[in-house]
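Novice: Since the structure of chain A is already known, use the hints to place chain B on it.
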Amino acid sequence: MILLPGENIKQSSKTAYKKAEGTLYFTNKRLVWCKGDEQTPTVELAHETIHSPRVNKSDTKVMLKVITIAPGTANEPSETNAPVFIWKQENKTEANDERTKFVTELSILSTRRTHTASSGQKSAAPTPNQNTTSNEYNKLKIGAAPASADEIKLRQEVLSKNGDLAKVHKSLVISGLVTEDEFWSTRKHILETYAIQSQLRKGESSAWLDLAPQNLETGNFKYTITPNVARHIFKEYPQVKRAYVDNVPHVVSEKEFWKRFVASQFFNRGRSADAVKGRDKIFDKCTQEEDSAFNDTKQINLAFLTRLLDLTRTEEDATETGNAPDFTMRPSKTDSKLALIRRFNHHSQLVLQTVLNSKRKQLASDHNSTDKMLEEATVLEDLDIPQPEKKVKLNVKDRSRYFSSLTADDANKQSKKCALDPAEVRAALDISFDISRPLDGCGNAQKTMSTLSHATHRLTLQKRPNRIQELQIPDDINVA
Amino acid sequence: MRFFIDDLPVIFPYDYVYPEQYQYMCGLKRSLDSKGHAMLEMPSGTGKTVSLLSLIIAYQQFYPGRRKLVYCSRTVPEIDKALAELKRLMEYRQSHGCIDENFIGLGLTSRKNLCVHPRVSMERKGAVVDARCREMTASWVRNKAQSVGNIELCGYFEKLQDIESSELLPHGVYTLEDLTDYGKANGMCPYYLSRRVIPMADVIIYSFHYMLDPKVAELVSKEFEKDSIVVFDEAHNIDSICIDSLSIDINERTLRSSTASVERLGERVEEMKAQNSEKLRDEYDRLVEGLRDALAARDEDLVLSNPILPDHVLHEAVPGNIRKAEHFVRFLKRFIEYLKARMRVMHVVAETTPSFLKHIREVTYIERKPLRFCAERLASLVRTLEITDLEEYGALARVASFATLCATYDTGFMVLFEPYESDQSTIPNPVLHLACLDAAIAIKPVFQRFHTVIITSGTLSPMEMYPRMLEFAPVVQESFTMTLARQCFAPLVVTRGGDQATISSKFEVRNDPAVVRNYGNLLIEVSRVVPDGIVAFFPSYLYMESIVAMWNEKGFLTEVWKHKLIFVETPDAAETSVALQNYRAACNNGRGAVLLSVARGKVSEGIDFDHNFGRAVIMFGIPYQYTESRILKARLEFMREAHQIRENDFLTFDALRHASQCIGRVLRGKTDYGLMVLADKRYSRADKRSKLPRWISTCLTDVSTSLSTDMAIDLMRKFLKAMAQPFDLNSQLGISMWTNEHIIQHGGRGDIAATSAMEVDQAS
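So the protein sequences, as listed, match chains A and B.
Be aware that the first sequence starts at 1, since it is given in full-length UniProt numbering, and climbs by one per residue.
Be aware that the second sequence starts at 1, since it is given in full-length UniProt numbering, and climbs by one per residue.
Chain A with its partners taken away, still in its complex shape (with noise of 0.2 Å):
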């Protein structure tokens, strides 16, 4: 069989497909059978197509159904076409092995692929794309002599992605009209603007793990913990990422680990209370090491906080006086609610780190800032008469020489754009962002900017219809 770059075969299975003897191939891409010896796939399976695998329950014969997502639905199964291979070996224990390596790869995908699909539809913030081929053009210098290796990969995926360019620069370069750099020295922007978006990451999800059991046919439950749920559990709760390392595989397998996992009073804390009952040594010492911490409010640094809302200033001023509370409005005496709050935030928290990164730094009160962010919260901004906003003139240390340039390009009928007026020219390339507020905090301000330029950078140039005849600058004003 022949691979595709970046191939390569994960299971391998002699098979029957449509009564011909053939090879089943897995790889980390697609699934691929190839009838006898030859090597093009009679049936080939991407794996963003493929849905679920089913197997019959005979004893008889070992066969696998590989059932395809229906075109043009997200994840709806069609059964139609949907390809059989048959396992003929006479060792039928044998081949109901080889056949169980093949269900669990395709269910492992089609379970990878339902959990971003829920969560990708219609969160506000879709799971980061784990497969994107993540080409760092950030430190690229573009338009160097001679182009670098990453330029001319960058050029190839610019070409791939876009069609039209890719027409042009077939029309242009490789009928030899103009040389390759010669052709992107002109484009330039578009290879920045390109390597500045295969940079930008989404976020992560906000999605709580919700580890929902799938209910089978005789009434019994099944969880399933692909590698990457397990990471996601070992992120929220780093306690049982402990507890793993501690027990797995010496102590308990990691299947029994999972399955004591979702049996444990740990992971089934703020269900309703009957659901679990028993201890368990393992995740009961997860359940105390995690109230341990969230209970150890001490290590709260409080020094990061934005003075307003740090509420133990005001709980320090005055010494507690009065009545105790009345019990409603006291925390309940069983935990299991109380850790279930303190969960979310964590949970909530974890989120935002991962998109704020260490800028939490920055925010240790010094002294302006305390002001500044006081005056924020105390000034009424439309008592005052809107300030008129601050730009930068433009210094022409000669303006009869500046204009007459152009006036006496207005008798040289070359060029007729010259003739407009320099204010309504100014107009049409004015664009005024108030760039003072709205993007103060929202990330890299200077990339959203350079984002920004190459937008409007492109869109001049679209506006401008023939880009080779501006160069045509008329001789007079060289002259002047």
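Keep in mind that the hints are not guaranteed to be accurate.
Unchecked claim - DSBU-like mimics (lysine-lysine), calculated; alpha carbons at most 35 Å apart, straight line:
id, chain 1, residue 1, chain 2, residue 2
1, A, Lys259, A, Lys29
2, B, Lys29, A, Lys391
3, B, Lys125, A, Lys235
4, A, Lys235, B, Lys215
5, A, Lys188, A, Lys202
6, B, Lys87, A, Lys337
7, B, Lys279, B, Lys333
8, A, Lys447, B, Lys29
9, B, Lys554, A, Lys255
10, A, Lys390, B, Lys721
11, A, Lys202, B, Lys718
12, B, Lys159, A, Lys337
13, B, Lys688, A, Lys285
14, B, Lys554, A, Lys202
15, B, Lys506, A, Lys337
16, B, Lys87, A, Lys390
17, A, Lys222, B, Lys554
18, B, Lys144, B, Lys215
19, A, Lys281, B, Lys279
20, B, Lys125, A, Lys372
21, B, Lys29, A, Lys372
22, B, Lys125, A, Lys337
23, B, Lys554, A, Lys241
24, B, Lys87, A, Lys391
25, A, Lys101, A, Lys170
26, A, Lys337, B, Lys279
27, B, Lys35, B, Lys215
28, B, Lys721, A, Lys372
29, A, Lys372, B, Lys184
30, A, Lys372, B, Lys159
31, B, Lys688, A, Lys372
32, A, Lys285, A, Lys337
33, A, Lys57, A, Lys222
34, A, Lys285, B, Lys125
35, A, Lys202, B, Lys721
36, B, Lys688, A, Lys259
Note that these hints are calculated values from the structure, not bench results.
Specialist: Coordinates of chain B only, in the frame set by chain A:
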């Protein structure tokens, strides 16, 4: 801008003024002129504080007498904000030619918030900071240090001793931050500095407790002149604060630690007797003279002071049987043993203070008079024994105050003993409550002492309630509405869910699956429609916990997670602060967040959710108090008899002031906008609506008082779309924003060509 109210020139630190701000200042001026009390309600977020300060400073500087302003606020962040406003106002006045000679404005707060001592300021607990501080600053420690070498004193405090108090602080306005910086730079203790500057200051800003809690008020508020102007800002809750400051709980732990403290006191007395009995004899002599003289001490030593005692009592001699230290110790022991015996009863006992005292006399032969002196006598003894670590004696002091309060007041208090926490619980946790029922007791001295006391808030409706509860007669009592060029807030009463089932937080139905589901769906829908921050309030902590757990189980929150991050208020202040900080970060970041909190909790008081930090606030249910509480029942009964306030009226009033306080948090200024969702069937009833502040209830239309979830969501969409349109600030002019010309148009006195304008007015 500058304008006149009657003949008073007012400098207002903005270019325009909101009409309600102008009217508010007019009302304020009237009450200052008449030297009477006032109650003023002005919508939250319309710049109440700045109007207040502008007018009072103008008044103070223009008229002779220079009446001191004492401004009380609820929380430390609010003190911060008020100080910042004052600072800006004074800078603005200076730039407009006002000299304001020797003006000093500053805030007071605890040692914990001000301490600059490198070691002590690192302590996390306020009580520990206090104790460590006293160890270095008490007068006997300092005296001892002069003779004995190796005693650590606080350099910052020592520096203060050398300086004349009039030269301590250059004039100006000091925020708390400024004060600590000044203290650090000059090596002075900001805490004691602020306290020593009080007599010189023109404006003092501190929390309610400093005025209302007799233990603290004694220390900081006794020197103010009669004509000082006292302002209680955000005072909608003032009656609860009054009551709290005179209520005491005693449980078994308190008694255990008091027993230990008394033992230690006894040992110290014996020790001192063995060494030099002079001090004790001195004290005895002084106590014969009268308590007040015995306590005529340096302010930093005056640490355990008593709840209000009438002046004549303080000049009386202390009863003979507790004058001697060892007698007093024995007396305390006996009293504590009596309380311990009471704790063993297994049924609820509620009685009046006279009956409680009678029982004590019958059982222990302790008379009323020595009990009344208990707190003062303890303070005197602690000082004589030169004890600095008062943290250890906190429980004992509490027992002593309990005795004093019981023996001082015959009415307005109740002694309640509860063996169990709630009716359901089976594990005994006995608590002896001394519950103050009459809010007027704590605030009466304030009304009597000062000519002008101003009670103001965004939510004081119905206003006739406060004069009755607090027993005072305001000369000015006004409620202002919000003038708006565009309707920038929308109160929506949601009475039904999408399935038309009624929603309510009524106790019988609140855990009903339909209600839980509909509340959950409302939250999901709102989080889908509204951008940035959403704040949701629940009537009680218990309900929030249980409904959050139910939502989590049924998968409602999974939906919410898809749109927003979720943060929840917890009982711990530090933890909640962190959650709040993260909530704001999430709002700024664009991800958006939902904050779940409690209507009477820490978040609902004093945290603003303006602009993108709160585009919608949802009040799930009506935040009634727990009506089965015995203390509340006793209070209701007291109010019915003493003030003729019906139980239901008070409960609804109390619930709705908290609800309106919660929903008022979303607005600041007229460019801001926000949705206010009241999710309970009962809000649509007239008796509830009439108790909402006027500025909110006038915005409720017939349509918006009875909505189902989907209708409400539809209205929200429309509202948000309308608010997203560019808003021309000039359209506000004349309607919701006045210049000097508009003030004249409305019959006031502007500054521009003031005289000619007057003539025109008279001619017309």
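Novice: Are the Cα atoms of Lys372 (chain A) and Lys159 (chain B) separated by 35 Å or less?
Specialist: Status holds; Cα separation ~31 Å.
Novice: Under the criterion that the straight-line Cα-Cα distance not exceed 35 Å, is the pair Lys101 (chain A), Lys170 (chain A) satisfied?
Specialist: 46 Å, violated
Novice: Under the criterion that the straight-line Cα-Cα distance not exceed 35 Å, is the pair Lys688 (chain B), Lys285 (chain A) satisfied?
Specialist: 50 Å, violated
Novice: Compare the distance between the alpha carbons of Lys372 (chain A) and Lys184 (chain B) with 35 Å, and conclude whether the hinted pair is satisfied.
Specialist: This hinted pair holds, its Cα atoms lying about 21 Å apart.
Novice: Going straight from one Cα to the other, do Lys87 (chain B) and Lys391 (chain A) come out at no more than 35 Å?
Specialist: Since the Cα atoms of Lys87 (chain B) and Lys391 (chain A) sit roughly 30 Å apart, the hinted pair holds (cutoff 35 Å).
Novice: Given the hinted pair Lys259 (chain A) and Lys29 (chain A), is their alpha-carbon gap at most 35 Å?
Specialist: 30 Å, holds
Novice: Hint check: Lys554 (chain B) vs Lys255 (chain A), CA-CA at most 35 Å. Holds or violated?
Specialist: 27 Å, holds
Novice: Are the Cα atoms of Lys29 (chain B) and Lys372 (chain A) separated by 35 Å or less?
Specialist: 32 Å, holds
Novice: Hinted pair, alpha-carbon criterion (35 Å max): Lys285 (chain A), Lys125 (chain B). Please report holds or violated.
Specialist: Satisfied, since the Cα-Cα distance of roughly 30 Å is no more than 35 Å.
Novice: When you check the alpha-carbon spacing of Lys390 (chain A) and Lys721 (chain B), does it fall within 35 Å?
Specialist: 30 Å, holds
Novice: Given the hint that Lys125 (chain B) pairs with Lys235 (chain A), does the C-alpha gap stay at or below 35 Å?
Specialist: Holds - the C-alpha atoms of Lys235 (chain A) and Lys125 (chain B) are around 33 Å apart, at most 35 Å.
Novice: Straight-line Cα separation of Lys35 (chain B) and Lys215 (chain B) no greater than 35 Å?
Specialist: With Cα atoms ~27 Å apart, Lys35 (chain B) and Lys215 (chain B) stay inside 35 Å; holds.
Going through the hint list in order, the structure does not satisfy hints 2, 4, 6, 8, 12, 13, 19, 25, 26, 31 and 36.
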